[in-house]
Amino acid sequence: MAYKPQEILEVAGFAAGIMMKNGGETYRVEEMITYLCASAGMDNTSSFVIPTGLVISVSRSGATPETIVVRLRERGTNLEKVSLVNDFSRKMAIQKWSYPEAMARLQEIDSTQDSYKKYWVILASGMVAGLFTLFLGGVGMDAIASFITSVVIQSLIIFSLVREINFFSEFLGGFLAVLMGISFVKAGLGQSLDGIVIGAIIPLVPGIAITNAVRDVVKGELLSGVVRTFEAFWISVAIAAGVAASFYLFG
Amino acid sequence: MGKIKILLAFFISFLFGFVFQVPRNTLLACGLTGAVGYISFTLIGLSQPLLLATLLAAMIIGILGELFARIYKTPVTIFVTVGFIPLVPGLKAYNTILALTNGEFTQGIELGLQTLFTAGAIALGISVISSVARMLKERARIN
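In order, the protein sequence lines correspond to chains D and Z.
All residue numbers for the first sequence refer to our numbering, where the first residue is 1 and numbers rise by one.
All residue numbers for the second sequence refer to our numbering, where the first residue is 252 and numbers rise by one.
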């Protein structure tokens, strides 16, 4: 595997970018970069990764270091892609993929369709909401109400432009949960407003941000840990603000 | 009722896997993590305070996550993230917001702190297991 520094930088930068924007932990991304570059024959590798961008610098001993900067703007959640890139980095050293082969594989991972289509995700969110309502002691009608509420919220988030505005979709989710919950209870379709609202906002919980924040802090990635804690906190505040605003107006 | 709740916890975590786009073959393990987490929480909660039960349940979820990650060769995040969802203090958070909107600040702050501590217990439980796993891994590498 004879890689030029520029080539391995492109491969590592691409792989790291896919992993980071789909919900991988920072330390995992940095370890993968080091591993990929070492397996391509680089003697020195340094990387700096935060959720909004990354820098990698490599060199063979005695040579001038080469650097790549990758800026990450879109963020999403697809843990399957994180897992696939993880597999890619393990296999690359064993399979001895050449530069074009490696790039083609990464391109394929990056452009794969989500394994669960949008309507599946919406349906699953609705079911999570309904089940959570039952979990909190709601009756069947409450569960149906929270299912419908969550389906509406998720469809709005997934299909409309609100997704593009940071934290607004969570605010809207909280707002709609209460508005629709109150309407359902007033119409006699459901008894427990609490159950309906909590169920409907559970799919908005920033689970990945919380888990990764904790795992990054433990691994000594303090900066990323803080960024993700802040993200999780801010998402929670946005949901709470939506719920509060809606109660204030309609409650 | 208890058995039904365990089943509900299983499906909540299972279906949450769709939302986070986890690999298909891990879905069952995701559900299992959620169910076992909830069972531990309930059983420990019978004799221990709520916060301790949450902490220990989160640790059990962390351990299961580390195990499944090795079996399926995927990141731990997958199992842990969906696993702790049934423990999320939704009701407490909701009551906090309600109290604060109604101007009952003393109660709001009390509930808010309870919510924060419960969330903290979940985070702490996961982090303890992550650090132990990390330590063991480093040690294995040195030997």
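Misleading hints may appear alongside valid ones.
Under the rule of at most 35 angstroms between Cα atoms (straight-line distance), these lysine-lysine pairs were calculated in the DSBU-like manner [stated by the list, open to error]:
id, chain 1, residue 1, chain 2, residue 2
1, D, K186, Z, K324
2, Z, K256, D, K186
3, D, K118, D, K186
4, D, K91, Z, K254
5, D, K91, Z, K343
6, Z, K343, D, K117
7, Z, K324, D, K4
8, Z, K343, D, K219
9, Z, K256, D, K96
10, Z, K254, D, K186
11, D, K117, D, K96
12, Z, K343, Z, K256
13, D, K4, Z, K388
14, D, K118, D, K91
15, Z, K254, Z, K343
16, Z, K254, D, K4
17, D, K186, Z, K388
18, Z, K343, D, K118
19, D, K118, D, K4
20, Z, K256, D, K91
21, Z, K324, D, K118
22, Z, K388, Z, K324
23, D, K117, D, K219
24, D, K91, Z, K324
25, Z, K324, D, K219
26, D, K96, D, K219
27, D, K118, Z, K254
28, D, K96, Z, K388
29, Z, K254, D, K117
30, D, K4, D, K117
These are calculated hints, taken from the structure and not from any lab test.
Quick rundown of the hints versus the structure:
{"no.": "1", "hint": "D/K186 with Z/K324", "in the structure": "violated (49 angstroms)"}
{"no.": "2", "hint": "Z/K256 with D/K186", "in the structure": "holds (28 angstroms)"}
{"no.": "3", "hint": "D/K118 with D/K186", "in the structure": "holds (31 angstroms)"}
{"no.": "4", "hint": "D/K91 with Z/K254", "in the structure": "violated (43 angstroms)"}
{"no.": "5", "hint": "D/K91 with Z/K343", "in the structure": "violated (46 angstroms)"}
{"no.": "6", "hint": "Z/K343 with D/K117", "in the structure": "holds (33 angstroms)"}
{"no.": "7", "hint": "Z/K324 with D/K4", "in the structure": "holds (30 angstroms)"}
{"no.": "8", "hint": "Z/K343 with D/K219", "in the structure": "holds (30 angstroms)"}
{"no.": "9", "hint": "Z/K256 with D/K96", "in the structure": "violated (49 angstroms)"}
{"no.": "10", "hint": "Z/K254 with D/K186", "in the structure": "holds (32 angstroms)"}
{"no.": "11", "hint": "D/K117 with D/K96", "in the structure": "holds (34 angstroms)"}
{"no.": "12", "hint": "Z/K343 with Z/K256", "in the structure": "holds (19 angstroms)"}
{"no.": "13", "hint": "D/K4 with Z/K388", "in the structure": "holds (32 angstroms)"}
{"no.": "14", "hint": "D/K118 with D/K91", "in the structure": "holds (30 angstroms)"}
{"no.": "15", "hint": "Z/K254 with Z/K343", "in the structure": "holds (23 angstroms)"}
{"no.": "16", "hint": "Z/K254 with D/K4", "in the structure": "violated (59 angstroms)"}
{"no.": "17", "hint": "D/K186 with Z/K388", "in the structure": "violated (56 angstroms)"}
{"no.": "18", "hint": "Z/K343 with D/K118", "in the structure": "holds (31 angstroms)"}
{"no.": "19", "hint": "D/K118 with D/K4", "in the structure": "violated (40 angstroms)"}
{"no.": "20", "hint": "Z/K256 with D/K91", "in the structure": "violated (41 angstroms)"}
{"no.": "21", "hint": "Z/K324 with D/K118", "in the structure": "holds (26 angstroms)"}
{"no.": "22", "hint": "Z/K388 with Z/K324", "in the structure": "holds (15 angstroms)"}
{"no.": "23", "hint": "D/K117 with D/K219", "in the structure": "holds (34 angstroms)"}
{"no.": "24", "hint": "D/K91 with Z/K324", "in the structure": "holds (12 angstroms)"}
{"no.": "25", "hint": "Z/K324 with D/K219", "in the structure": "holds (20 angstroms)"}
{"no.": "26", "hint": "D/K96 with D/K219", "in the structure": "holds (30 angstroms)"}
{"no.": "27", "hint": "D/K118 with Z/K254", "in the structure": "holds (32 angstroms)"}
{"no.": "28", "hint": "D/K96 with Z/K388", "in the structure": "holds (26 angstroms)"}
{"no.": "29", "hint": "Z/K254 with D/K117", "in the structure": "holds (31 angstroms)"}
{"no.": "30", "hint": "D/K4 with D/K117", "in the structure": "violated (39 angstroms)"}
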